[in-house]
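Peer 1: Based on the hints, put chain U in the right spot on chain V.
Each chain, written out:
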Amino acid sequence: MTNSNVAEKAEELTEVNPVESEEPKVESDPAVLLPPLFQYVRTTPVKRLINKILAEQQRTEFYSLSALSEYPGEGRTFLVSAVALGYAVFLNKRVLVIDTTHQEETARAYLGPVLSRGQFSEKKETGVPGVVDVVTTKTLGSFADGQNSHIADFGMRAYIESVRSDYDLVLLDTCALSCADLESFDPLILAEQTDQSILITSKRSLKRELVDRVKADLAQCEISLLGTVFNHGDSL
Amino acid sequence: MSSDIKEITISPEDVIRFIGRNFFKTALIVSICAALSIVLAFELPKSYKSQAVLSVSSSYFRNPLVSDLISEVYNEGEQAAVRASLFRRALSNDFLDKLGEKYSLFEYPANHRLRALERENFRKRIEYSILTKTNFKVAIEANDPVVAFEMIRSIVEQTIETFVNERYSKLMTTRDAIQSSVDSLRQALEVTDPREIYAEELQSLEGEYQDLVSKYTAQHPAVIKLRTKRQVLKSALAQAEQKAHQTAAREGKEILSATTRGPSQDIYNELLRKLNNLNIVVEMEKNRESISYLGVVEPPSVPLGASFPNKLRFLIGGIFFGFLLAGIRVLADELKRAYAMSGPKVSQTLGVPLLGELPTFIDRSKIRLLDAPSEDSTEDSTQGTTNEQTKSGVDSNEDGLVEDSVGDDRLTPTEHKASG
Numbered sequence: 001m002t003n004s005n006v007a008e009k010a011e012e013l014t015e016v017n018p019v020e021s022e023e024p025k026v027e028s029d030p031a032v033l034l035p036p037l038f039q040y041v042r043t044t045p046v047k048r049l050i051n052k053i054l055a056e057q058q059r060t061e062f063y064s065l066s067a068l069s070e071y072p073g074e075g076r077t078f079l080v081s082a083v084a085l086g087y088a089v090f091l092n093k094r095v096l097v098i099d100t101t102h103q104e105e106t107a108r109a110y111l112g113p114v115l116s117r118g119q120f121s122e123k124k125e126t127g128v129p130g131v132v133d134v135v136t137t138k139t140l141g142s143f144a145d146g147q148n149s150h151i152a153d154f155g156m157r158a159y160i161e162s163v164r165s166d167y168d169l170v171l172l173d174t175c176a177l178s179c180a181d182l183e184s185f186d187p188l189i190l191a192e193q194t195d196q197s198i199l200i201t202s203k204r205s206l207k208r209e210l211v212d213r214v215k216a217d218l219a220q221c222e223i224s225l226l227g228t229v230f231n232h233g234d235s236l
Numbered sequence: 001m002s003s004d005i006k007e008i009t010i011s012p013e014d015v016i017r018f019i020g021r022n023f024f025k026t027a028l029i030v031s032i033c034a035a036l037s038i039v040l041a042f043e044l045p046k047s048y049k050s051q052a053v054l055s056v057s058s059s060y061f062r063n064p065l066v067s068d069l070i071s072e073v074y075n076e077g078e079q080a081a082v083r084a085s086l087f088r089r090a091l092s093n094d095f096l097d098k099l100g101e102k103y104s105l106f107e108y109p110a111n112h113r114l115r116a117l118e119r120e121n122f123r124k125r126i127e128y129s130i131l132t133k134t135n136f137k138v139a140i141e142a143n144d145p146v147v148a149f150e151m152i153r154s155i156v157e158q159t160i161e162t163f164v165n166e167r168y169s170k171l172m173t174t175r176d177a178i179q180s181s182v183d184s185l186r187q188a189l190e191v192t193d194p195r196e197i198y199a200e201e202l203q204s205l206e207g208e209y210q211d212l213v214s215k216y217t218a219q220h221p222a223v224i225k226l227r228t229k230r231q232v233l234k235s236a237l238a239q240a241e242q243k244a245h246q247t248a249a250r251e252g253k254e255i256l257s258a259t260t261r262g263p264s265q266d267i268y269n270e271l272l273r274k275l276n277n278l279n280i281v282v283e284m285e286k287n288r289e290s291i292s293y294l295g296v297v298e299p300p301s302v303p304l305g306a307s308f309p310n311k312l313r314f315l316i317g318g319i320f321f322g323f324l325l326a327g328i329r330v331l332a333d334e335l336k337r338a339y340a341m342s343g344p345k346v347s348q349t350l351g352v353p354l355l356g357e358l359p360t361f362i363d364r365s366k367i368r369l370l371d372a373p374s375e376d377s378t379e380d381s382t383q384g385t386t387n388e389q390t391k392s393g394v395d396s397n398e399d400g401l402v403e404d405s406v407g408d409d410r411l412t413p414t415e416h417k418a419s420g
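Taken in sequence, the protein lines are chains V and U. Its first residue numbered 1, the first sequence is counted upward by one per residue in the numbering used here. Its first residue numbered 1, the second sequence is counted upward by one per residue in the numbering used here.
Hints listed in this document are in silico derivations from the structure and should not be mistaken for laboratory results. The beta carbon of each residue, even a glycine, is placed where N, CA and C say it ideally should be. Careful, some of the hints might be misleading.
Claimed, not checked - Pairs of lysine-lysine residues, derived as DSS-like cross-links and limited to a Cα-Cα distance of at most 27 Å, are as follows:
id : chain 1 : residue 1 : chain 2 : residue 2
1  : U       : Lys229    : U       : Lys243
2  : U       : Lys345    : V       : Lys215
3  : V       : Lys52     : U       : Lys345
4  : V       : Lys203    : U       : Lys345
To be verified - Selected chain U positions facing chain V (Cβ under 8 Å, derived; list incomplete):
id : residue
5  : Ser342
6  : Val346
7  : Ser347
8  : Val352
9  : Pro353
10 : Glu357
Same shape as in the complex, but just chain V:
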């Protein structure tokens, strides 16, 4: 995809989220955030990463992909955002991001510029090519309301199957493996219910004993691991 196509896509997206005033842009305004994120996604390592994921998807025909990492701040949401953006902008795919981390603001900050609906927390229509939809576990209806939140862990597969026809790729953002507690949705349970998972590592999680433990956990939960991604960046 050429720069002009990207620009056109960016222009389209900005038209969906029209600028309401002549005042200087807010931080979540696509006019502010879009260029950096687009620049980033266009860098060679990220493009290659997206291409690799695409190739694997074509080869194994997976539909859902979850992002895992041992520690918070290693870049799960960031990766999900970058892949979603890449799929949407470069490949004109229909992408759904399921946020199970209760980090609505963070997700919105990454993906707000590319959202078509203007409303972050609710999916209103079926997937649109080149657009990323984001839902949270709060908006999954009966699966994950506050009183029945424990159901969401086990009902994710059913939900993903229910939207299969609407999207080309479903990305699942989970909480860190080390942060799984009573309040969070267990990332390993969620990952087991997706077709594939990606493990994100950073310089903080390179200890052998840690890797061995993660390997044991993944094997125990029979999680299919597509591969690993190493994040050179620091925690934001």
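Peer 2: Relative to chain V, chain U alone:
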């Protein structure tokens, strides 16, 4: 999860890489340790060792002329033990006190209770080591080479003196004992025993009496006279016997009789012969220059160089210690390297491919642009913009657009327009 035993193969390339990784730090550590050891060798106070080698042959332990009087030592182990014992005796308290005071080695006065401790420490500084069956080495260290030389020379002299005096005193003691026996025997041999005289006369008188009795009757006057004389002699003999016994019991010496005089004379002659031999040996021992059993193989000398610290040994020790430290460091680094993993290694451990890497995301100062706004910020975005932008340090151009954080040269005019 299987627990297969993995074979570890080491290729020459691994070895070369290992050496390449650790060569510089090893060389650096070894060099530093070697340099420090040399500096230490120059800075430490020097001590000088002076030594001498003495020889005490086996003839010292033998005296052929008087071997039946003075015991000899043939066993080499015993000889070595005797040499060591005599050397220790040479280092008497008086000698060590005198030597230590001469060279100001003692801190406390002679009558102080700690003087004994100082003396013992001084004694321990004197080295004694066996070199061969007959030779042994003595040595001492001091801060001054001349002092070391003079001390070892004194020790050698003292040692020689002790060895010679020990042998001489043994000879003298033996000679004195023999002399006493000889004198006693001589006195005994010189005294005439009356019992012998009485016995001789009685024997001859008995012959005459028997002759007269055969010619005359018992009442013949000549027979009566001889009989009376015989009785007198017997009585005198009995008295002499009694007196001899009393004298032997009182004075402890026996008046040699005719039967015992012979053997005693032999003993006397033998002792006299041995005494003569001893006198010969003693006379020979008096002339120190003729002593052949004791000699100085290596005389003391002024040490030319310091025995401690030995610069070469320090250097070798420093290099060895450097390699030891470097080895520990290399081991720690390699363990850490093996323990710590990299992105690709994680993939390898998990058995999955490394899909890719996320580079560092742009300028961190602009990261704040991605800070999550509040849920209401979308509605209030226009109001909060100026403050937010000021806070983040973001400048906006006259169109109200925010410049790209990466750099305008990355953006095409179309993108700039799109972002605006």
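Peer 1: A separate judgement is required for each hint: does it hold in the structure or not?
Peer 2: Against the structure, the hints:
no.: 1; hint: U:Lys229 x U:Lys243; in the structure: holds, 21 Å
no.: 2; hint: U:Lys345 x V:Lys215; in the structure: holds, 13 Å
no.: 3; hint: V:Lys52 x U:Lys345; in the structure: holds, 19 Å
no.: 4; hint: V:Lys203 x U:Lys345; in the structure: holds, 12 Å
no.: 5; hint: Ser342; in the structure: holds, 7 Å
no.: 6; hint: Val346; in the structure: holds, 5 Å
no.: 7; hint: Ser347; in the structure: holds, 5 Å
no.: 8; hint: Val352; in the structure: holds, 5 Å
no.: 9; hint: Pro353; in the structure: holds, 4 Å
no.: 10; hint: Glu357; in the structure: holds, 5 Å
Of the numbered hints stated above, none is contradicted by the structure.
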